Every structure is written in C-alpha cells, then in structure tokens.
Amino acid sequence: MADEIRLGDYLLERLVQLKLRSCLGVPGDFNMSFLDLIEDHPKLQWVGNANELNAAYAADGYARIKGTIAAVVTTFGVGELSALNGIAGAFSERLPVVHIVGVPSTSAQGQHALLHHTLGDGRFEAFTAMSKQISAAMVELGNLRPEEAPREIDRVLSICVKEARPVYISIPTDRTHTKVPSAKLSTPLDLSPISNEAKEEEHVLNEIVSRVKGSKDPVILVDACCIRHGVVNETYELVEKSGLPVFSSPMGKTAINEEHKQYGGIYVGDITAPDIKERFNAADCVISIGALLSDFNSGNFSYKLPSNSIHLHSNRVQIGYAHYPSVGMKALLPKISAALAADHKGRLDYTLKTVSNPTNRLPTQEEEGEAAKNDPDVISQAYLWPRLGQFFRSKDQIIVETGTSSFGMLQARLPAGSIFVSQVLWGSIGWSVGAAMGVALAAQEEKLGRTCLFVGDGSLQLTAQEIGTMIRQGLTPILFILSNDGYEIEREIHGPQRSYNNVSTWNHSLLLDAFSAPNSSRRNVYNEAKESTPPSHQHDIQPSKKAYHAVHTKSELDALLKNEEFNKAETIQLVEIFMKRDDTPVLLRKQAEATSKANNPDA
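Numbering of the sequence shown is given in our numbering, commencing with residue 1 and proceeding in unit increments.
What the hints contain is simulated information worked out from the structure, not anything from laboratory work. Nothing here was measured: the structure is a model prediction, and the numbers come from that model. Mixed in with the good hints there might be a few duds.
Said to hold, decoys possible - Per label pair, the in silico range of CB-to-CB distance:
| # | residue 1 | residue 2 | range |
| --- | --- | --- | --- |
| 1 | K179 | S210 | 53 to 61 Å |
| 2 | E4 | A129 | 28 to 36 Å |
| 3 | V209 | Y548 | 51 to 59 Å |
| 4 | E366 | S326 | 50 to 58 Å |
| 5 | E125 | S394 | 44 to 52 Å |
| 6 | S210 | K597 | 36 to 44 Å |
Note that beta-carbon positions come from the ideal geometry of N, C-alpha and C, so glycine has one too.
Between the sequences and the hints, there should be enough to build the whole structure, so can you do that?
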C-alpha cells in the first residue's frame, strides 16, 4: 500500500472494509468530485435516487438488511436538508447510516462567499448545526490537517457502528483529492463493544440467574435493539439453552424464528391478542432484551412487567430497580445462557399454551365481521394478513408502511429466516417505498429471497418516484398497494370523515410504465454515454421487466399468490389490492383508540 492516498479514497476504503457495496444519494456540484471516486472504485456502485429524502430512506432499509453501515451522499445545503427527515428516522430507529456531504471549498467558506445553496448571510456552518441533533458523531474534514483526517474518519465510523446511529462527514470540494497518510487502512477498525467490568458483570450475572431460578414462570421478551446491536444469535442461544418461552415486541418481530416451538407471539401491552396477553401476563419474571418502549411498540405504554424483571441493553443492565451502567448485553448473554443451561431439563422446561393464529389460519366469515358480511369474497383485513403469512418464504424481506400494513402484518406468522422491516418509532409516512429500494438492493447483494413491500395508496404518493430507481437498477420487488381510499390510520385516530384524510386517486396500473424508459429493453442511457469503460459492476445493469396485477376478491388474490411465475419474482411486480374503506386490522383499531384518547384526553 502506498504511503499516501486521496482523502476521498481513504473514506471509501474504510466503507468497503465495513462491507458497503452501494452508495446512495443525489449528485450536486459540491459532491461530484467525490462521486467520481465512487464510480471509479472497483468494489462500489453509485445508486442515484430520485431525491435526497428517498436516498436517506433507502439507506435506512439497506442498513437493516446488511447488518452493517449504509452511506448516503448529498450536496451542501439544499441536498443535505432534504435528507434530514430520513436521517432523523435512522437516528430514532438506531441504524448506522453515514451521511456524507460535499461542501464548498475551504477558501469559499473562509471568505464567507455569497454562494448558491447558502442562506445568503455567509454562515456555512448553519446546516452542520442542524445535523448535530441527529448525529452520533460528526467530522468536518475541511477543518483538519491532512494527517489528522484518517484518525477522525476512523473515530466517526466506529461510533456509527458501535452506537448503531447516523454520523455526519463533510468534504470540501478542494479536499477530495488531498493526499493523506494511508497506514491506518492496514488495521481494521475496532468495532468490539466496550468490555464489561469483570466484578460488576459477575455480580449482575449471579443476580440474574438467582432471579430467574427463583421465579415460577419466567419468559423472554425480544425487542428492536436485539437486532440493532447484533445479539440475535446470542438471544437465540439463550432461548435454546434456557427452554423459556419467548415473545417479541412489534419492533422485534422476526428477531426470533416465529416457527420456534418456544415462540409465544407478539406482545403489545393492553392491545395484545387476548390469549397471548394472558400467557405473557402470567409470567413472574421477564428477561427483556433490547427494549425500545415507544407508544406504538408498547400499546401506548401499557406494558405490565413484574417489578423484578431484567432489562438488558447494549450499554447497561437494569434488574428490578438497580442499574448497572458498566455491563452490556453482548458479552453477558452467553454467560446467562451457560448458567441457565444446566437447569434446562428441570424447572425451566415450560410448555406454551396455544396462542393466536399459530399457523396463519384463515378467519371464519363471522370472525371477519362487517367487511365480509354482504360479500364473502371481499378481501377483508382479517383475511388478508394470515393469507399473506401462508405466501411468504424463508429469506423473504417483508417491508411494511407505518399504519395499516404495519399493524396488519403483526397478525401473520412469518417463516423462519424471513426479515420483517418496519419503522414503528419514527413513523414517517412514505418511508417504506424508499426503504424497499434499499432493502431490495441489499437483498440482491446478499443473495437473499424476495423483497415484498406493503404500502397504502396514501403513503405511496409521497415517495413513489423511487419505483423508477428500482426499475433502473434491475431490482425485482413485489409492491403490494393497499387501495382503500386514503389515510386509514389517520381516520382511525381522528377525523374519519374529514377531507384532510383523503388523497388523489391514482391509476396504479400505469405506474410501472410511467417510471420506465419508453423502450424497457434499452440499456441504461447513463452508462452508455460514458466515454471510458465503466467498472464491470456498473455496465451490465438492465432495466427490469414489469407486471401489474389488480386484485379485487379473495379468489383472485389466492390465484395470484399460488401462481408459479408470480412467485419467482423475476420481474418488478405491482399488486393493487382493492379493500373497503374503514376496514382496519384489529390491533390498529385498538392502538388508534389509545392514541386518540392520549391526544385528546378531554374529548
């Protein structure tokens, strides 16, 4: 390795070492010299998105599937601000996204020049200050000497991975090609969690084992940060060795194999299905792993955990009312598993009671209620989600929009190896479409199964442009659009007859054509126009073929889901499912009632 390397290349090499293969974003004049380096890199591809918000959403989805960092590149001011809603979502939901911003030259900043994309007052730091609130770490490379830059890049990227939160890196136009020392690249970044203090860890372990063994009916509850902080395997080992029943929160769905004999279902506080709630509430000790107790994740804060419960987090443990800030769950979980394994064949070998819909049983007409009363073949919410549960396969990526599909999919038992992707905490409308693009991209890189998106007709309208990016990249997701005439979750919370919950009616049958080139078989114009030979991974992308399916009845849906060609998912497909307005999943109805009451306590 040469003694020196271009600053932009140093950053890219570190990203590649962290298993990044695609950079998302939008070009602008202040980031184009950096984009040149991305396009010329043999192990990276540049993926241009429809806009910066969609790019940030896509980075969110990419990070979830890759289990490592994602990167989104924007330009100064107008570009970076357009991305911030998506970056804030990644901060809220604990996702390692690197936001790289191309900024004006150091000389222009030093002169406080009245440049385009500025506020017109010479304050070049204003936008960085806006990102500070939603970044775990930041570095402005223009403020550093060349020899300092590698150390600071390493610091910021390490924090991004360890804390599973976004970081911000700005590169001035005149620094992209500045030479910096390359020596650090030969040493991998230290991404290991902080070691537990030995004596405190021993005390915590003994206390946990004592409480579990002293309980009559302990259970495990898995939540979002089990996934975000990389302890899924350690949690599975605990489930196996302890023999304890295991439940999941909505944000922890599919962290544990839902076909596992010890899996008890989704727990959402008071809005939990009655039989699951009865079984969970019978526990006298709960081992909670990676809890993130937002309102939609906890049934409006209605969890009722025993006072001696155990709460494990990446950087702390709480047992009852005692807090241990020097002990993290990554190193602790295997020791808990080993300590409980010896007792597995004795008192801790519990049997679960029957829980709701363990095999995606389709509802009776009586269970469907009013939605199917006059027409038994109409697709009701009660019918749709367990039927889809029968459709999914191992390694499928299942993305749901906040609202109807997010709550509806909680009713489906998903197969082992599938991944459930939702944005329960941040809940940004339209997020799922951009995220689906990133999920499909990551799934393609990792050779996973089908990418299936479920989004309402209202949410789709915010970010539909990203379908064009999917087509151009040759991605082949199945896009399920729930056509139920507007914002159904909002109607359930407030204003069921208000016009502000209505949306324009689109002809969804034309969307795939609208976002495709007139001749869908022609090559990517961008790649054809390049004068030099592009890297091999960039010139063989072919726009995907496409198919639209309209589904009005159960029989039509059933026939489509059984269709062999449809199931191959070799082309991008849009499935429009026509559903009755005002029909909602039961969990959504309960959550909406709780939210409405919390929003308007005097109503």
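Ascending list of hint numbers which this structure does not respect: Every hint satisfied by this model.
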